[in-house]
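These protein sequence lines are chains A and B, in that order. The first sequence begins at 0 in numbering that gives the first Met the number 0 and counts up one residue at a time. The second sequence begins at 0 in numbering that gives the first Met the number 0 and counts up one residue at a time.
Calculated directly from the structure, the hints in this document are not laboratory data. One or more of the hints may lead you astray.
Derived EDC-like pairs (lysine to aspartate or glutamate); straight-line CA-CA distance at most 20 angstroms [claimed, not checked]:
no. : chain 1 : residue 1 : chain 2 : residue 2
1   : A       : K541      : B       : E287
2   : A       : K541      : B       : E269
3   : B       : K69       : A       : D467
4   : A       : K463      : A       : D449
5   : A       : K425      : B       : D180
6   : A       : K417      : B       : E215
7   : A       : K501      : A       : E553
8   : A       : K279      : A       : D239
9   : A       : K463      : B       : E287
10  : B       : K280      : A       : D431
11  : A       : K81       : A       : D298
12  : A       : K240      : A       : E207
13  : A       : K257      : A       : D205
14  : B       : K176      : A       : D449
15  : B       : K176      : A       : E651
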Amino acid sequence: MLRNFIILTLASFAFVACETRSDVEIANEENILIMGNSAEPKGLDPHLVSGVLESNIIRALFEGLCVEHPSKNEESLPGAAKSWTHSPDYTQWTFSLNPDAKWSDGVPVTARDFAFAYKRLLSPDPNWPAKYAEMLYFLKNAEAYHKNKFGHILCGNDTNFPLPWDTLKEANFDGDPTIKLKSFNDKKFEDLKKSKREKLAKYLQDGETIDLSKITPKEVNFNDLSSPEKRIYFNAKGIDKLSEKELTFLKTQTDVIKWTDKVPENIRQIVLDRIIEHHKAKKPSLWDKAKVGVTIVDDFTLKLDLRGPVPFLHHITKHYTWFPVPKHVVLKYGEINTGLSSPWTKVGNIVSNGAFKLKKWRTNHILELDRNPHYWDNENVHLNGIRYLPVKNLFTETRMFGDGQLHITYKVPAELLKMAEEKYPKSLRKEDYVGVRYIRVNTAKSPFTDPKVRRAFALAIDQKALCDKVLMGGQQPASGIVPPFGDSQPAGVIQFDPEEAKKLLAESEFADPASRPEITLLTTDSDSSLREAVAYQAMWEKHLGIKVRILQREWSTYLSRQFSQDYDLAIAGWIGDFLDPTTFLEMWITDGGNNNTGWGSKQFEDLLKEAENTADPAARLQILAKAEKTILDDTPILPVYWYATNYLIRPEVKNWHPLLLNNHPFKFVKIEK
Amino acid sequence: MEATIEKNNLPEQDVEKGTSLWADAYTRLKKNKLAMIGGIIVIAILFLCFILAPILSFFGFSANSQDLDKTFSGIGQNGYILGSDNLGRDLMMRVLEGGQISLLVAILATVLTVTIGIIYGGIAGYVGGRIGGFMMRIVDGLLAMPFLIIVILFREIIGGHVNETAHFLTSEWGWHKDTVDRFANLIPLTLAIAGFGWLTMGRIVRASAASLAKQEFVEAARSLGLSHRRILFRHMLPNMLGPVIIYATLTIPSFILYEATLSFIGLGIEPPNSSWGKLIKEGANFLESYPTVLVIPAILFSLTLFAFNFLGDGLRDALDPKASKD
């Protein structure tokens, strides 16, 4: 007992003796950067993550064709590509890769790795859990390939093919997801629930009856099915999943499956013929058939064909979705699309082509990177390593910074800004960040069916007071959707105007308070969004006399309610992926995956298309500004403010300049002792 | 005639004035200084929250109106007696109106707890045997369910109906919307807390009912042919009240704490209305920058908890003759 006590006492003295230097001071000696990174990364596979914190790590591990400039937003430096050229209309880009670029195991980085990476991310396999494949849709045919539309893939590249992709994409290639054959299980049509019967009824004509038990099992002899039964069966499966035999039958009776009216009989035959051909050829790789615009000219030359002019492609290649993955390692530990837990990214397996390589990863504790000795520009990399600490609680993180445990924090919460300003005036950064905070409106629900009401709600938000008095982090009132950067000017349409708001509400169909149903404002359960919600609530009550109810839901419910359009108003935000207005505008196309407002406009989509085909950057921006104005005129979303980032950084960290995307290139970061 | 003695002829000083159980308890309670201070504080806080706050709001003080130009005023600044919070709302009014919610939830839930507990526990104890045992096993079963899940269930099930009723009251009967809304969303919370809280009360009552049921006066009442209901509520109930009242005063602070816990994790009342738990939660984030926002509700909250606990302790000593004979 006494011995233990003595040992303990001695041990505690030893601790006290060590404590004289903080973690940061020790790290400064070792030339290692310590960053707060908010949470445990979901993984390190660039194709399977979508968060900002994962991107912080992946940008240090991997390197894309181009690299961010440490201080200039509009510039790109050579990364894995030594140089690049583009056709005058910006539709074809050629990158010459740096022959010195190597993976961290010494294997050279070639054009094959890039092509492999794009093929992998765009994989049409429905079980492939990639989150961000849309980022590659700039490539020619990438969207069709990813969405696995046989008809388009097999015929869309044919210059003689008479139909544009738009008409064919309506055809029932994927099958009707609302019909689940398995659930029929020997049931009779009459036994099904009403909702299910309604779903099937659209394939039936009056008085037709079907025997569901015949179409339940997996392998059905479709010859035994009656004509209405065939219609259910074929449509539930979709053309993509039909067998060769079934396709041959379909040729004789194409109306069994749902096509849009725009697809005439002869086109149906051509599509089916080519699909059958594809089957007979034992299904060659779709990638080859689809001719996605990626060409390996030689080992060190990569040619990219784009769906239209993209003058800012070099910006996009800095996004982690465009990074290469090591073909030889991915295939060593799995198949091209082994999604689950992606074994090649485990410690010991992973190799990377960036300035750093993975050293150790202790879950919920630390993720540590080490210098990559094979990196082509190794001699100009200053840091010896980076440590990422997953500190979830931002208050804890700020205290850790004060304790000398971190060089850089992830974020300073608004509550602590004043304290940080007083205590660490030299360390606090308030920087612009390309992102917009807005309130999403469900335009299918009254009273928001009337654009005047939506606009009244938008104009009744005192954006400036909110930014200056509540958020206090340097956010800017959003007069439009797209934040200002480079040559892109703010829209200047939405501005606080309570009089106009009142007038609009009085003019609307819902001027009478009795005609308005109760309105709810959906938000997440975080304190900061609640604070905002309460502020909006008070503003609308004050300026419009409408009291909304705040509905706080945890993150996944919050998301799913928006996806199923089960909300009135929802506070949301969008961070730009690259420096171009399209990253903020493209989500608002009709039925876009992140639209969820029920709003859509032909005029808006036409303008986007027009911009897609315009090569001149200035003219393009003008068209996009016009497109933005079409949204704002209809106000399916109420822009509130443009984001800013607030974080703490120690003064000895150099070459860390404000960047609009907050994607700081780690290879230039320096610690000055 | 001579054998009877008129009552009023007796010399007064010779007869010890009979005191009831309650009067006895009250004299004992009066001697307990801590309990008396607790009682005074409780009354003062009740006065502040339920009488002063409505008067103030009648004179234009408001707990929810924001003035974004006057955020984080200190004590006495900008016309705010206790300062303002991060959205420029009057902290004093928020604390008082928050107190209304917290105290109402606690008191209502206690009343419900006592009522259900006495009826259920009383019957279980009086009937005894298999039926009584079965009734208590149900209580055991319910006790095993996690509290939070019950609360969430209650909120989901009752919440919608309550909102409909509130809407009906405001639109059809013209009640004041803000007030109705504020108190409407306290109902599911109260029911949830009471729905859980009566279980312990039921056990306590059953225990004392079971022992009373075997006593002579109950036997006597039974042999006189009184109805079960009369025996239970007229004869046994007064004898059980002691432990019930003690337990009730002690549950009030624990229910205030429940409310605070639920509000703290976001299951409490709806924003923008406040309760003490909510205010403390909001304030905790500003600990480094603006401590008053946390300190003011925290002081009032802890003061109330202490006061109720002291009062409860005092009542226990006072009402339980065995515990203190003096």
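Status of each hint after checking the structure:
no., hint, result
1, A:K541 to B:E287, "violated, 31 angstroms"
2, A:K541 to B:E269, "holds, 19 angstroms"
3, B:K69 to A:D467, "holds, 12 angstroms"
4, A:K463 to A:D449, "violated, 26 angstroms"
5, A:K425 to B:D180, "violated, 47 angstroms"
6, A:K417 to B:E215, "violated, 72 angstroms"
7, A:K501 to A:E553, "violated, 33 angstroms"
8, A:K279 to A:D239, "holds, 14 angstroms"
9, A:K463 to B:E287, "violated, 25 angstroms"
10, B:K280 to A:D431, "violated, 30 angstroms"
11, A:K81 to A:D298, "holds, 13 angstroms"
12, A:K240 to A:E207, "violated, 26 angstroms"
13, A:K257 to A:D205, "holds, 17 angstroms"
14, B:K176 to A:D449, "violated, 25 angstroms"
15, B:K176 to A:E651, "violated, 57 angstroms"
In terms of the numbered hints stated before, the structure departs from hints 1, 4, 5, 6, 7, 9, 10, 12, 14 and 15, listed from lowest to highest.
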